[in-house]
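Each chain, written out:
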Amino acid sequence: MDLFERFAAGDLDAFETVFRQSQREVYGWIVRIVRDSAAAEDLTIETFWRIYRWRHRFDPTRPFGPWARRIATHAAIDHLRPAHPVVPLPLNIPAGRTEDPVWQREVRECVAGAFRTLPAQLEAAATLALIEECPYEEIAAALGISVGTVKSRIFRAVRMLRKKLERLGIHP
Amino acid sequence: MNDPRDERLRALLKSSIAPVGDGELQRDLWPEMLRRLNSQAPARQFGPMDWLAAALVGAALLVFPGLVPVLLYQL
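Protein chains in written order, with the working numbering: chain A, 1 to 172; chain B, 1001 to 1075.
Any given hint might turn out to be false.
Each computed PhoX-like pair below joins lysine-lysine, with the alpha-carbon atoms no more than 20 Å apart [what the hints assert, rightly or not]:
(1) A:K163 / B:K1014
(2) A:K151 / A:K163
(3) A:K164 / B:K1014
(4) B:K1014 / A:K151
These aren't lab readings, by the way, just hints derived from the structure by calculation. From a predicted model like this one, the values you see are computed outputs, not experimental measurements.
For reference, chain B alone in the conformation it holds in the complex (with noise of 0.2 Å):
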């Protein structure tokens, strides 16, 4: 960039682009952090619905035990 075009494009530029200030973080961003880390966890827990489902299955193999050769050949 030694040329003069390319220097007056950058002296242009450099007064068009907003200035960052002083590029300084205001506040501490790890409550923010542990926020973001305990909403992605629940995605991997065991929901209640899972429960459900579970029971739902439980309850079927307790009436019908002749599903139960089925489901072991499905797994």
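Chain A with its partners taken away, still in its complex shape (with noise of 0.2 Å):
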């Protein structure tokens, strides 16, 4: 019996060999998503918890980090969906002071606020596109969708984000 065959059947030293083995790969590929490393360890664990209860669902003939992978999203995405409350942000940022560091400062933030109000799965798409700029393929994958909503998703983020962005005055 391989070592995901065991896995799969409950034996604990294989899914400590499967989690040492991958653990990095899944944090790493959680913290691009979730930008917050102490966030992104906690999901780590929150992931490979969910691996070791589904693992009668996992196919041992099958790769093992594309199905860790689409488990990790999803466990980053729930983690993003509560951290949604309003965000209040200013009504307008006053405009003609591009060069002030402060007003650029006072933008950046206002930016990362607006996308931080996005619906979890489509920030999830956009940073991993847009940010990350992983293929599109990658985050379908990863996402268990077809690369035709991945584009949909990140078109809808984009028109949602400049929609927020025109409201408080920034026109990028």
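Bring the two chains, given one by one in their own frames, into a single complex with the hints.
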């Protein structure tokens, strides 16, 4: 019986080996979505807890990495979801001070705040596509959706973000 | 995202969203994982309160044997 068959059968030693082999990859993926190392550590544990509970759903003839990544992505989205209370943003940013570092910092804070108010699934797709520059195929596999749906989510994220920023007087 | 406006938005996002550093895990998380596994395990075990309830039911059946058919009927 190979490692993943033993893991799927509930062997704790096999799970430990799988965990040690994969924890860095899972963490690395999650931190790219949630942008917070402490949260990413907690979510790595949460991901492997789900992996352990759902081990009977894993097909040992298929690669472990993509399955784990899909679970990790959903754990990260679950984390982003409650972090979306309405963030108070200033009504308008005075224009015309583009060289002023204070003004630039305020703009960056507003952009980050507006980005965090996007629906979690849009935020995750947009983070991976626009900031991390992951290929659409990779994002689609991680989210368990089609490439077309990924493009649609990114399009909606950009449109929503642009509207929010325009309300703040930011016109990128 | 070939539209220049989209490219400007992407650049603004990149400069506004916190970078993740090297994205490397700094410590082994297995001890924490093991704690999580152990903390969840007792929920499925027979706890002290379960033993107490079983003892009370056993004692009640010894004192009132007439309850045995009632209990069997309920099961």
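Structure-based check of all given hints:
1. A:K163 / B:K1014: Holds: K163 of chain A and K1014 of chain B sit about 18 Å apart, inside 20 Å.
2. A:K151 / A:K163: Holds - the C-alpha atoms of K163 of chain A and K151 of chain A are around 18 Å apart, at most 20 Å.
3. A:K164 / B:K1014: holds (17 Å)
4. B:K1014 / A:K151: holds (19 Å)
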